[in-house]
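Visitor: The primary structure of each chain is shown beneath.
Number of protein chains: 2
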Amino acid sequence: MDKIFKNSKLVPYYYLGRGAFANLGMLLNAKRKTQGDFVVVVIDHYFSGKHILPEGSIHADDLVIYADTSEEPKTTYIDALTDQVKTKNRMPVAIVGIGGGSTLDVAKAISVMLTNPGKAEQYQGWDLVKHAPVYKIGVPTIAGTGAEFTRTAVLTGKDKKLGINSDYSVFDQVILDADLLETVPKEQFIYTAMDCFVHNCESLLGRINDTMTIALAEKSTQMMKEIFLGEMDLEKLLVASSLGGLAVANSSVGICHPLSYGLSIELGLHHGFAICVAFNQLEEYYPEVATFKKILEKYEIHLPKVVSDDIAEEQLERMAVATMLNEKPLSNAFGDDWENIFTKEKIKSLLRKM
Amino acid sequence: MDKIFKNSKLVPYYYLGRGAFANLGMLLNAKRKTQGDFVVVVIDHYFSGKHILPEGSIHADDLVIYADTSEEPKTTYIDALTDQVKTKNRMPVAIVGIGGGSTLDVAKAISVMLTNPGKAEQYQGWDLVKHAPVYKIGVPTIAGTGAEFTRTAVLTGKDKKLGINSDYSVFDQVILDADLLETVPKEQFIYTAMDCFVHNCESLLGRINDTMTIALAEKSTQMMKEIFLGEMDLEKLLVASSLGGLAVANSSVGICHPLSYGLSIELGLHHGFAICVAFNQLEEYYPEVATFKKILEKYEIHLPKVVSDDIAEEQLERMAVATMLNEKPLSNAFGDDWENIFTKEKIKSLLRKM
Chain A
109 MDKIFKNSKL VPYYYLGRGA FANLGMLLNA KRKTQGDFVV VVIDHYFSGK HILPEGSIHA
169 DDLVIYADTS EEPKTTYIDA LTDQVKTKNR MPVAIVGIGG GSTLDVAKAI SVMLTNPGKA
229 EQYQGWDLVK HAPVYKIGVP TIAGTGAEFT RTAVLTGKDK KLGINSDYSV FDQVILDADL
289 LETVPKEQFI YTAMDCFVHN CESLLGRIND TMTIALAEKS TQMMKEIFLG EMDLEKLLVA
349 SSLGGLAVAN SSVGICHPLS YGLSIELGLH HGFAICVAFN QLEEYYPEVA TFKKILEKYE
409 IHLPKVVSDD IAEEQLERMA VATMLNEKPL SNAFGDDWEN IFTKEKIKSL LRKM
Chain B
109 MDKIFKNSKL VPYYYLGRGA FANLGMLLNA KRKTQGDFVV VVIDHYFSGK HILPEGSIHA
169 DDLVIYADTS EEPKTTYIDA LTDQVKTKNR MPVAIVGIGG GSTLDVAKAI SVMLTNPGKA
229 EQYQGWDLVK HAPVYKIGVP TIAGTGAEFT RTAVLTGKDK KLGINSDYSV FDQVILDADL
289 LETVPKEQFI YTAMDCFVHN CESLLGRIND TMTIALAEKS TQMMKEIFLG EMDLEKLLVA
349 SSLGGLAVAN SSVGICHPLS YGLSIELGLH HGFAICVAFN QLEEYYPEVA TFKKILEKYE
409 IHLPKVVSDD IAEEQLERMA VATMLNEKPL SNAFGDDWEN IFTKEKIKSL LRKM
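Protein sequences, first through last, are from chains A and B.
Counting along the first sequence from 1, when you hit position 16 you're at 124 in the working numbering, and nothing is skipped either side.
Counting along the second sequence from 1, when you hit position 98 you're at 206 in the working numbering, and nothing is skipped either side.
If you are wondering where the hints come from, they were derived from the structure by calculation, not from laboratory data.
Zero decoy hints are in this set.
Since the list gives no way to pick one copy over another, a pair counts as held whenever it fits inside one copy or between any two copies.
Subject to a maximum C-alpha distance of 30 Å in a straight line, what follows is the list of computed DSS-like cross-link-like pairs (lysine-lysine):
hint, residue 1, residue 2
1, K141, K117
2, K454, K413
3, K141, K114
4, K114, K158
5, K117, K139
6, K238, K227
7, K266, K452
8, K344, K114
9, K333, K117
10, K436, K401
11, K454, K268
12, K158, K194
13, K333, K344
14, K238, K141
15, K117, K238
16, K266, K436
17, K461, K413
18, K196, K182
Could you build all of it, start to finish, from the sequences and the hints given here?
Guide: Structure follows, in structure tokens:
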């Protein structure tokens with residue numbers, strides 16, 4: 109057997125519907141078996157003081173962590189939070205991530221790091237996790253990252269932004285409740301939704317692909333267009349994001365994500381925003397950039413230029429190098445010979461426009 | 109919390125690709141831990157003597173059952189096969205179903221009945237299974253039933269055709285390999301594919317529905333049209349069937365399936381064929397019957413009339429009663445008041461045309 113087949117992992121359970129978040133307590137109670145059993149809740153610091161947790165779902169012994177998502181999650185942050193959980197001297201029976209892609213990725217990474225030795229940076233890559241993680245529930249409060257359905261927890265290390273890609277990163281349970289999306293500020297809402305639109309384009313035009321991926325990415329893209337050029341529907345957006353997440357989980361991102369990582373790591377930009385800034389300059393590769401521009405126009409989003417015209421050559425070099433570290437997405441887009449096609453000079457010229 | 113939310117179960121792992129069936133041995137070896145561990149393979153009798161099992165995947169101790177699918181699986185057949193497995197005096201470490209919807213349903217039902225007391229007919233209904241089943245793998249050799257992704261194992265009892273509907277009926281692993289579809293005879297191929305086309309229509313026009321179901325059923329239908337009115341693509345058909353299975357698992361069938369059950373139980377018709385005969389007369393309810401007729405025409409399928417013009421009133425009565433036993437699908441189609449809308453007289457008049 110020469111052909112390599114991937115055993116694709118799906119989230120085994122999901123709730124869908126406005127109000128479905130109310131089931132959290134029931135799900136957690138099913139895991140609380142003996143005295144001292146506790147739950148770790150990782151929730152975006154944006155919700156601090158906002159009392160969004162369903163009444164009675166969290167007990168006195170539980171550990172609620174308000175995740176600082178002002179920056180993308182760093183591997184050192186995961187290590188610190190994992191150590192904090194370990195001070196309880198027993199394993200939690202569940203970890204709940206409530207928030208955007210960063211918060212969900214933090215929850216995923218902690219669930220893995222609690223049962224695997226060493227530091228988070230050792231697990232950045234593909235299928236490096238050896239031991240089964242703590243049971244985890246994902247509750248997205250913004251749509252578009254796909255983090256609720258993917259097998260990656262994207263982390264920023266010392267010199268690379270790279271996910272912990274593992275079946276063990278996949279949530280055991282997801283709750284899709286559009287009520288939680290109601291308060292997201294417009295800019296963040298659009299940037300994040302466009303993350304999904306972009307990774308659909310990258311999946312569809314990449315080499316790493318299969319019939320399922322194509323079907324899901326096509327449907328997700330169609331729904332995105334209906335939502336953003338037609339009528340807004342938050343639940344439909346959550347579903348479109350889920351389908352996009354499922355699609356990209358079995359394919360790969362392409363040209364835009366590596367460039368956005370270069371921007372993010374050097375300029376500290378948030379993922380969704382960096383994705384939009386990068387995608388906006390990629391019309392020569394992705395025809396759907398035209399649709400993307402229409403959406404930005406409709407929602408009156410004006411993307412600023414983030415790379416200064418007089419950027420230092422050393423900084424540009426670092427951004428290009430960070431981009432080129434993403435070999436898998438770039439070979440997905442260009443083939444094994446990608447370095448000869450998507451040269452450092454080409455990357456720099458694109459970055460200068462961003 | 110007044111609203112009822114369903115925790116939707118997905119198949120946690122699937123392989124997709126021509127040749128992927130070769131992974132069967134590896135999957136089973138991962139389950140064989142101690143001496144005496146054995147596997148039950150339920151395979152459609154159509155494959156008897158055809159040597160389709162990947163080399164080395166089945167060991168001498170394994171139990172290979174060639175399932176008789178000349179009739180729809182009966183609850184008594186499940187009980188007999190379960191007893192046969194039990195003569196091995198230990199639980200199998202895995203059950204593999206290889207075949208069409210009937211064979212997959214037999215494998216699902218045995219996996220449940222091995223760990224739950226009593227007879228299969230006691231579990232026909234919704235969420236009646238109490239104990240976790242034996243690990244199971246589903247390998248469809250025909251596309252359209254959706255059985256590989258649904259939570260039902262449809263069985264014919266003494267007086268009703270009704271599934272064991274349970275999260276415990278869901279396969280733990282599915283292998284989607286279009287190579288296995290190459291030898292299906294044309295009529296059976298079309299009838300089965302149309303089963304998916306029909307349950308998509310029933311899902312989309314029913315009341316039990318959600319945003320995910322709609323998205324998946326829409327995409328499945330679109331793919332079906334591309335495949336059957338455009339270019340045949342067996343792998344795409346397998347994916348369309350999977351998406352349709354996922355959709356109907358979270359919604360319900362509608363008018364056509366109950367009528368087909370009435371036909372099947374009284375006339376012994378195979379499911380896919382009965383579905384086609386019934387759907388062909390339902391244009392007043394489903395506009396897509398027009399598309400269906402176009403597909404039959406393109407593939408030169410001539411549906412015979414199966415209900416005799418001089419059918420005995422008692423037999424027609426039994427068919428109508430069997431149809432009306434399916435309250436959930438009929439209330440999905442017509443609402444709680446379905447009996448006043450879809451009367452026995454109306455049902456009989458439709459059956460007479462079939």
